[in-house]
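Asker: Each chain, written out:
Number of protein chains: 2
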Amino acid sequence: MTLNKDTNILVVGLGLMGGSYARALTKRGHSVFAITNERASLDFALREGIIAGGADFVDEGLVSRAGLIVFALYPHVFLDWVKEYGHLIRPGTLVTDVTGVKTEVVYRVQDMLPPGVEFIAAHPMAGREKYGVENSDERIFENANYIVTPTDKNTPEAVALCEQLGRELGFSRISRLTPEAHDDMIGFLSQLTHCIAICLMNCNDSPHLEDYTGDSFRDLTRIARINDEMWSELFLINRKALLRHMDSFAACFQGFRDMLETGDREGMRAAMRHSTARRALFDKDKPKP
Amino acid sequence: MTLNKDTNILVVGLGLMGGSYARALTKRGHSVFAITNERASLDFALREGIIAGGADFVDEGLVSRAGLIVFALYPHVFLDWVKEYGHLIRPGTLVTDVTGVKTEVVYRVQDMLPPGVEFIAAHPMAGREKYGVENSDERIFENANYIVTPTDKNTPEAVALCEQLGRELGFSRISRLTPEAHDDMIGFLSQLTHCIAICLMNCNDSPHLEDYTGDSFRDLTRIARINDEMWSELFLINRKALLRHMDSFAACFQGFRDMLETGDREGMRAAMRHSTARRALFDKDKPKP
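Chain order of the listed sequences is A and B.
Position 234, counted from 1, in the first sequence is what my numbering calls 475; the numbers after and before it change by one each time, with no gaps.
Position 241, counted from 1, in the second sequence is what my numbering calls 482; the numbers after and before it change by one each time, with no gaps.
Hints are not guaranteed to be accurate.
When chains are identical, the list treats them as one kind, so a pair holds in a single copy or across two.
Dumping the calculated DSBU-like pairs for lysine-lysine here, alpha-carbon to alpha-carbon at most 35 Å [stated by the list, open to error]:
hint	residue 1	residue 2
1	LYS324	LYS525
2	LYS246	LYS324
3	LYS246	LYS394
These are calculated hints, taken from the structure and not from any lab test.
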């Protein structure tokens, strides 16, 4: 199991993420093929030279010739695909994905794949507010995190190759988490932040607010522009962890509100000093150990 | 009452905002002087050529010679200053400010100033996460909003001159609001967003979260790095409006949480589509009418 210039890479799903993978890997000299059910996406990718070839149907030849398959589909579509076509994948093929939730996906995919086909899951923590292969861009991986989520069924070789893939894609930080730890983390860092942005955007319909908006409000609501089909699915799949984080945030927010109401200035200041100190840890330009 | 190159401008308070005003106005060819109680700030501003002169005490000559005085102080310091030294300001002088809350400040200042001294309040909606004249920078006004908040006591000439000041500072959008409408707007767009950022930053103390953080979480917590002395004062002065906005947000957030818990996918998607449509109004590059 190796990832080199002879490895035949198949990307299944040519949206923003699949397209960005294809761009990055093609630029690195790999042979990248794609399967998508959107003829327009395939034509675009061929015309732009993002892929060497592909099909707008499940082409058995493309699947069986692949040495590495990357699934870039919505979670339920990914699960359905593996159930229906997983048997086409030849033993020895490495399978990975880009799915944003793991616990409810990884074990089921590993159970469904034929013997000799290893699935090593990964989450590229990158994105844009726009969708589709037309907006794909390998630069979204710069300064971003790539998380591999192995299970007991994974081999060290597959984990190493998946990490190599992350490096070739251009991610600046590669790390490992269990599927459960990943989902807890993503429930907080990504899903909770999206819930907050949606509600901040929706809780005040006064007209003309946009005339006075500064960067703070813009920053906090940037991700309120959201793909409702994809994110509602991700939220529901990770419901338990997300609800826990939403409740923690709501309790903290209520506590701050009560300090304001009772005029507890010192309590508010202590909370602000804590948030200031915590935030310093998250600076992008903080030197990494 | 005019603002031209002969106008003697006095900035009282040489922090980030006073320093940025001084830089911008000096660059535009005005004669800018400053009063601050920090000797080091004064020396820095003189050395950098940001001001033509100044004092680290309330210099009666500087005050009486000023044609325009800009107060860039914390609200309670501003009120105390006017109470103690307001009588030094000569009739015909125009007074303005940079205070981030208006209702509790504007009327009291107008009542305290001597006859013939007009106070026209303004809020430059700009800032940085760093403080002090050393971090001042007139570029913070680019693409930012400048809001004039006149009362019944203000003359059209003073309002026009205050708006001219905003243009000379380099603000891209100048508008007018009543003090009450300003405080309601700022309670939502600025203060509520800061409360949210603080609580998001504080509600999960798990170690190593920073290793996985993407841009979403960074964007939503950028302003969690906050000047606790200034913001606790601003929150408390605007307590009533801020509490109302906090409660609206909390109710919206709870509603979204309940949709998640009950698996109301269509309800969540409708909220996401609403936030997506609303957010488009707030795009920075949206053409202004």
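Asker: The structure should be examined with respect to each hint, and the outcome stated for every one.
Answerer: Going down the list of hints, with the structure as the test:
In this assembly of identical chains, the alpha carbons of LYS324 and LYS525 never lie at most 35 Å apart, being 40 Å within a copy and 45 Å across copies at closest. Only within a single protomer do LYS246 and LYS324 lie at most 35 Å apart by alpha-carbon distance; the minimum there is 30 Å, versus 77 Å between protomers. Within a single copy, LYS246 and LYS394 get their C-alpha atoms as close as 27 Å, which meets the 35 Å cut-off; across copies the closest is 76 Å, which misses it.
The structure shown violates just one earlier hint, number 1.
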